[in-house]
Structures are given as C-alpha cells and as structure tokens.
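Read off the chains here:
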Amino acid sequence: DAGVIQSPRHEVTEMGQEVTLRCKPISGHNSLFWYRQTMMRGLELLIYFNNNVPIDDSGMPEDRFSAKMPNASFSTLKIQPSEPRDSAVYFCASNGGGREQYFGPGTRLTVT
Amino acid sequence: GESVGLHLPTLSVQEGDNSIINCAYSNSASDYFIWYKQESGKGPQFIIDIRSNMDKRQGQRVTVLLNKTVKHLSLQIAATQPGDSAVYFCAETPNTGFQKLVFGTGTRLLVSP
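Quick mapping for you: the protein sequence lines, in order, are chains D and S. The first sequence begins at 1 in my numbering and counts up one residue at a time. The second sequence begins at 1001 in my numbering and counts up one residue at a time.
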C-alpha cells in the first residue's frame, strides 16, 4: 500500500492567493483527518470526515478554511485568501476503524 | 478543557541507554492514550497506545506507563538506538473511536552513538 498521499509536498504562495491541498487516504479507510502543525501550536486537528461526511470541523480556524471530501479516495483543504500566519505543515491522516491514524508526509505551506 | 503537555522539550541520551519521555494530561475523561513518533520531514507514526483502565503496556522495546492519579503518561524506550531520534508526541482521545486526538507539544529525543 502506498500509504496516505498528499500533494503538493511544498507550496509557496503570496498572501491573498487561494491554496488547495490534496489528500488521498489509504484505500478502504473510512475516516480522514486534516491537521496543522506549527512550532507555536503544535499538531492541531482541523476537521475530520467519516464516510465522506464532515463530523467535526471545530478546529477549522476561520471561514477562510474549507475542506471537502467528494468521494472515499480524495479530500481537499482550501484556504482562501491565504495569509502569512497560515504558514505551517498540513497533514492528512486516515483510519480504517482500528487504533491507528496513518499520517501522510505533509504539505509544507509558506505564505509570503 | 482538553490539553496535553510535555515536561521536557529535548532529551539527549547515549546509544544503548534507556529513555523515558514524559507527558501530562488534563482530561480525566480520556479513554485512550497514544504515543506517536515523528521523524524529520515525515508525518507522525503510531508507536503504542494504552487504554485508561490499564497502567502498563509493553511493545517491542517500548513500554507505556499510565498514572491516572496524577494524570501522567510516560514512554520508555529500552536500549535506545540512533534510529529512535525523533520527536515523540503523546495524544489522548475521549472515546474509543480514535477519532479526535489531542496531541501534546512533543519531546525531541536525540540519541548519540
């Protein structure tokens, strides 16, 4: 299995631009999670889906952030408009009902 | 509210030594506690977990201890190896679905050969 796949691995954009991060969970996993990691705040859960349905988005920082999961094999996290304080590493993770969340390699976002 | 924290930001050990990484938590309702390892440039990787009704669980070279009285969790790594160098996070979840993990701030383990 290829594991959780995220793209792009690195993204550099200017303030005000739209950013879209992509995630492909492990095949057969029915839960998907988006996390943000920064030095100041550590690893924070932004939102998670069960069977493509958003269950808890209380961690989404602002309306500028949105996430979708149109099918079981794809999810996006969008930031519009982006701001420098959004710079972080964004992780996607999936879970197939067991005890582990499997994390992707992350997308390092830099907003200048 | 929910919060998980760590006592030591960096732990330096010699290869072959045993390492102990500590974590304090505040949510008495948490049902599972989990340790993750994050190597540079990678996502966190599950190491071991323990349910709240247990006080000790052993894996391969790792042991997790849970003290609910003082809300303390520790990860012990036996015969630490250079490949163990990473940031270690404790996390807790208030339910059995492993859905909403709350992560601690992390401890960096540095293993010298």
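Hints are computed from structural coordinates only; laboratory data are not their basis. Just so you know, not all the hints are guaranteed correct.
DEER-style ranges, computed between Cβ atoms [what the hints assert, rightly or not]:
hint : chain 1 : residue 1 : chain 2 : residue 2 : range
1    : D       : T112      : S       : T1069     : 47 to 57 Å
2    : D       : V12       : S       : K1056     : 13 to 23 Å
3    : S       : K1042     : D       : S87       : 34 to 44 Å
4    : S       : K1071     : D       : E18       : 12 to 22 Å
5    : S       : K1056     : D       : E62       : 34 to 44 Å
6    : D       : E44       : S       : S1040     : 33 to 43 Å
7    : S       : K1042     : D       : T76       : 15 to 25 Å
8    : D       : R41       : S       : S1040     : 38 to 48 Å
9    : D       : N52       : S       : E1015     : 43 to 53 Å
10   : D       : S7        : S       : R1108     : 33 to 43 Å
Note that CB positions come from ideal geometry on N, CA and C, so glycine has one too.
Next on the checklist: Can you tell me whether the CB distance of D/S7 to S/R1108 sits inside 33 to 43 Å?
Outcome noted: violated, 28 Å
Checklist entry - Given a hinted range of 33 to 43 Å, is it respected by the beta-carbon distance of D/E44 and S/S1040? => result The hint (33 to 43 Å, Cβ to Cβ) is violated, given that D/E44 and S/S1040 are roughly 20 Å apart.
Item to check | Cβ separation of S/K1042 and D/S87, checked against the hinted range 34 to 44 Å | outcome: Given range 34 to 44 Å: violated, Cβ gap about 19 Å.
Next on the checklist: Quick check on a hinted range of 12 to 22 Å for S/K1071 and D/E18, using CB atoms only.
Outcome noted: Hint violated: Cβ distance 42 Å, outside 12 to 22 Å.
Next on the checklist: Quick check: does the Cβ-Cβ distance between S/K1042 and D/T76 fall within 15 to 25 Å?
Outcome noted: holds, 22 Å
Next on the checklist: Just to be sure I understand the hint, the distance between the Cβ atoms of D/N52 and S/E1015 should be within 43 to 53 Å; is that true here?
Outcome noted: holds, 46 Å
Item to check | Hint check for S/T1069 and D/T112 - Cβ pair distance inside 47 to 57 Å | outcome: holds, 49 Å
Checklist entry - If you check the beta carbons of S/K1056 and D/E62, does the distance land in 34 to 44 Å? => result holds, 42 Å
Checklist entry - Per the hint of 13 to 23 Å, is the separation of the Cβ atoms of D/V12 and S/K1056 within bounds? => result violated, 46 Å
Next on the checklist: Verify the CB-CB distance for D/R41 and S/S1040 against the hinted window 38 to 48 Å.
Outcome noted: violated, 19 Å
Of the numbered hints stated above, those contradicted by the structure are hints 2, 3, 4, 6, 8 and 10, listed in ascending order.
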